[in-house]
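Engineer: If you want the building blocks of each chain, they are given just below.
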Amino acid sequence: MPRDEAGVLSEIKRDYIIRKLKEGKRDDGRGLNEFREITIQTNYIPRAAGSAFVKLGRTKIVAGIKIESGEPFPDTPNQGVLTTNVELLPMAFPTFEAGPPNETSIEIARVVDRGIRESKMIELEKLVIEPAKKVYIVFVDINVIDYDGNLIDACTMGVLSALKTAIVPGSKEGGKDFALPIRNFPVSVTMVKIGDEIIVDPSVEEEQLSSARITVSMSEEGHIRAMQKGDSGSFTLDEIRKAIKISSDTGKLIREKYLQ
Amino acid sequence: MGTASDIKLIDENGLRIDGRSPTELRPIKIETDVLDRADGSAYIEWGGNKILVAVYGPREAYPKHTQDIEKAIIKARYNMAAFSVDERKRPGPDRRSVEISKVISEALSNAVMVEQFPRAQIDVFIEVLQADAGTRIAGLTAASVALASAGIPMRDLVVGCTAGKIDGQIVLDLGKEEDNFGQADLPMGILAKSGKVVLIQMDGDLSLEEFDKATEMILDAIKRINEIQRQALAGKFISLALERGGE
Chain A
1 MPRDEAGVLS EIKRDYIIRK LKEGKRDDGR GLNEFREITI QTNYIPRAAG SAFVKLGRTK
61 IVAGIKIESG EPFPDTPNQG VLTTNVELLP MAFPTFEAGP PNETSIEIAR VVDRGIRESK
121 MIELEKLVIE PAKKVYIVFV DINVIDYDGN LIDACTMGVL SALKTAIVPG SKEGGKDFAL
181 PIRNFPVSVT MVKIGDEIIV DPSVEEEQLS SARITVSMSE EGHIRAMQKG DSGSFTLDEI
241 RKAIKISSDT GKLIREKYLQ
Chain B
1 MGTASDIKLI DENGLRIDGR SPTELRPIKI ETDVLDRADG SAYIEWGGNK ILVAVYGPRE
61 AYPKHTQDIE KAIIKARYNM AAFSVDERKR PGPDRRSVEI SKVISEALSN AVMVEQFPRA
121 QIDVFIEVLQ ADAGTRIAGL TAASVALASA GIPMRDLVVG CTAGKIDGQI VLDLGKEEDN
181 FGQADLPMGI LAKSGKVVLI QMDGDLSLEE FDKATEMILD AIKRINEIQR QALAGKFISL
241 ALERGGE
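Residue numbers (this note's numbering), protein chains in the order written: chain A, 1 to 260; chain B, 1 to 247.
None of these hints come from the bench; they were simulated from the model. Check before you lean on any hint, since a few could be wrong.
What the hints assert, rightly or not - Across the chosen pairs, the derived CB separations fall in these ranges:
1) A:Glu71 with B:Arg119: 25 to 35 Å
2) A:Glu37 with B:Arg224: 42 to 52 Å
3) A:Pro169 with B:Asp94: 26 to 36 Å
4) B:Pro63 with A:Ala132: 18 to 28 Å
5) A:Arg183 with B:Arg224: 38 to 48 Å
6) A:Ala132 with B:Arg88: 16 to 26 Å
7) B:Ser239 with A:Glu71: 28 to 38 Å
8) B:Pro63 with A:Met91: 51 to 61 Å
9) A:Asn43 with B:Gly19: 48 to 58 Å
10) A:Ala132 with B:Glu24: 35 to 45 Å
11) B:Gly19 with A:Lys22: 48 to 58 Å
Said to hold, decoys possible - Here are some of the chain B residues that sit facing chain A, going by a computed Cβ distance under 8 Å:
12) Ile7
13) Ile10
14) Ser109
15) Met113
16) Lys196
17) Val197
18) Val198
19) Leu199
20) Ile200
21) Met202
22) Glu209
All figures in this text were calculated on a predicted structure; none of them were measured in a lab. Note that beta-carbon positions come from the ideal geometry of N, C-alpha and C, so glycine has one too.
Construct all of the structure, not just a fragment, from the sequences and the given hints.
Structural biologist: The following block contains the structure:
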């Protein structure tokens, strides 16, 4: 995750967070497995085929979908195409810089993409106009506008909500517009390790203090669909099992609350 | 994972397309010091994978703003040769290789005693000459040998290995067809001695029981792969000792 190399996290704050964690508490009063408040506003950008403005605590992102016709990949001639891109806008954080995607934004985009792709959320087979020649391409673009940690989950929530409301412009291809066909919703839960504690939905300070990060995306039936470890710290196998369990439990709550 | 297909990946005797059992690794061969200019190098053949790794450093980190005042940064660059895959790959980094380079760098940083080299960088160049599924974990396995052969202080060796699901069954070390047509892929990087996980990625569909089975298979295989790493390094250091008069 992006770190502020200026090291703005003061020692007092750092010690406070660590001391609280030892008591099983977070500095903002949350439990270890608790997400921050999530608000989602869909159809935020009416010009897009689907869109969502998501606030996860103070992290804010805008996800927009554009759907255009184009060529399928040669190895999947009977499927539409999904592409995911994340822009870390310079307005979002003092050390974010304008320019082409860097390894941080590429990793976030690919982890978000993998969760959606591997859960087979979008029925890509229904996005074929002419087999092997012309299919719909679903462009997912996510702009991070305010950064306070856990971009992977904020972006995933944004994409899920935007896709849920997306309309495929069938009328441009001589048919009718139709809702993007969706099968199910994967939920991603990102955790970081601080000392020996594993905590859900880290803030930017918690990310700066953490040694390692793990994201577990799960489907409705409780199967793992995608995982990604990040940062140079390590996890024991038991910690990974614990992370999967937390993702399963916390993911259920998120699903009930935001994705019905 | 790839598209669904009718290809049968496990036959009626429980054997896989290349004749392996579910817990069998493809043949692995590691050599050290295959390059002259680099500070350390290794070459690995793992099934049909042929991968070269070169290590340069520790040297002053450049550009300067990338320096870490407390430790060395590991910069791994995973790159696939244009001719390494069936259809020519456009040379240069793509999004996949940028991500793989990042997770490999992070995994190696955990094994190297980076705190001994503030402000330095250690470059690890991983060049996939021929790809045959599992390139990231084969590259990681060889990179860790190349670092050791460069004489860089390390806590442990990182061992890479993959398990996956094909025809509904958990198997070790996916081959190319299994990777393309299987239902899950779980690459892991594990520290040989401590058993800590420094790289984990997964895509596909695994139940919790399947995940446990897959990790159990990987943990068992790690020992065998680590032995091959150690032998490659032992070969080097034994001949070095003989050169210096058998000390």
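Engineer: What hints, given by number in increasing order, does this structure fail?
Structural biologist: Going through the list in order, the structure violates hints 1, 4, 7, 8, 12, 13, 15 and 22 and respects the others.
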